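S.K.: Residue strings, one per chain:
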Amino acid sequence: MAILRLRTFARYAEILGDPVELDVELPISLSDLTAALQRLPHGNLLPARPLIAVDQRLALPDQRIAGSEEIAVLPPLAGG
Amino acid sequence: MADRYLTTSPLSHDTLLRAVESPAHGAVVSFVGTVRDHHEGRSVVGLSYSAYVEMAERECQAIVEATEGRLGVRIALNHRIGDLAVGDAAVVVVAAAPHRDVAFEACRLVIDEVKRRVPIWKHEHHADGTAIWVDPAGGSPA
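First to last, the sequence lines map onto chains A and B.
Convert by adding 2 to the 1-based position in the first sequence; the result is the number in the numbering used here.
Convert by adding 135 to the 1-based position in the second sequence; the result is the number in the numbering used here.
Because the hints were derived from the structure by calculation, they are not lab data.
Bear in mind that the values here come from a model prediction, so they are computed numbers and not experimental data.
The hints are all genuine.
FRET-style restraints, in silico, Cβ to Cβ: (1) B:207 x A:62: 24 to 32 Å; (2) B:222 x A:69: 43 to 51 Å; (3) B:196 x A:65: 18 to 26 Å; (4) B:207 x A:3: 49 to 57 Å; (5) B:145 x A:5: 38 to 46 Å; (6) A:66 x B:142: 30 to 38 Å; (7) B:222 x A:53: 26 to 34 Å; (8) A:34 x B:251: 21 to 29 Å; (9) A:60 x B:178: 29 to 37 Å; (10) B:145 x A:25: 42 to 50 Å; (11) B:165 x A:53: 24 to 32 Å.
If you only want the chain A side, here are some residues facing chain B, beta carbon under 10 Å, derived: (12) 9; (13) 13; (14) 78; (15) 80.
Note that the Cβ used here is the ideal one computed from N, Cα and C, for glycine as well.
My request is simple: use the sequences and hints to build the entire structure.
M.R.: Written as structure tokens, this is what we have:
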């Protein structure tokens, strides 16, 4: 197990805190990462598939996370 | 790269216009998005914009470069973050092209892509003292 640190923003920073630290096995799939987020206090407020950014790019559905990347979980985008 | 596209200062349409105008570009189309005084039936007094600044700057640059490369236009783009009042400009896009069809297309494309891809959020403040995080998909914020 290893500690994976994630950045959060806006509403997710309010409900999860920022940053979030997860104790997980690495590498980890996006779906397993999402499940770990949803087990956090208030994690049940997250959607089934929240937006996740890896190194400042939106993650692909089959992307795996090694642990050295910059990971962020993003609320629904609302620019403009 | 930081603060090239995002800024906490009031936006200047004239500055962006001057950045893209040229004798070869006979058509300039601008979009200015401002803070509305209402949203979904509620009276709005202001918006607080926040961003994942590093990623937002990167995405804005990618949108501008892709649009310029694909359509042969010049694009200027600024998005404001921080606390805005009703009527303040939140985003300005200026597209300059040799002819108007492409200028309109480019301006529309850029604002649509900004809304779709750039990690920016708005906290909407209501006249009754409440506030919500805006979800354009219509989800119900906690």
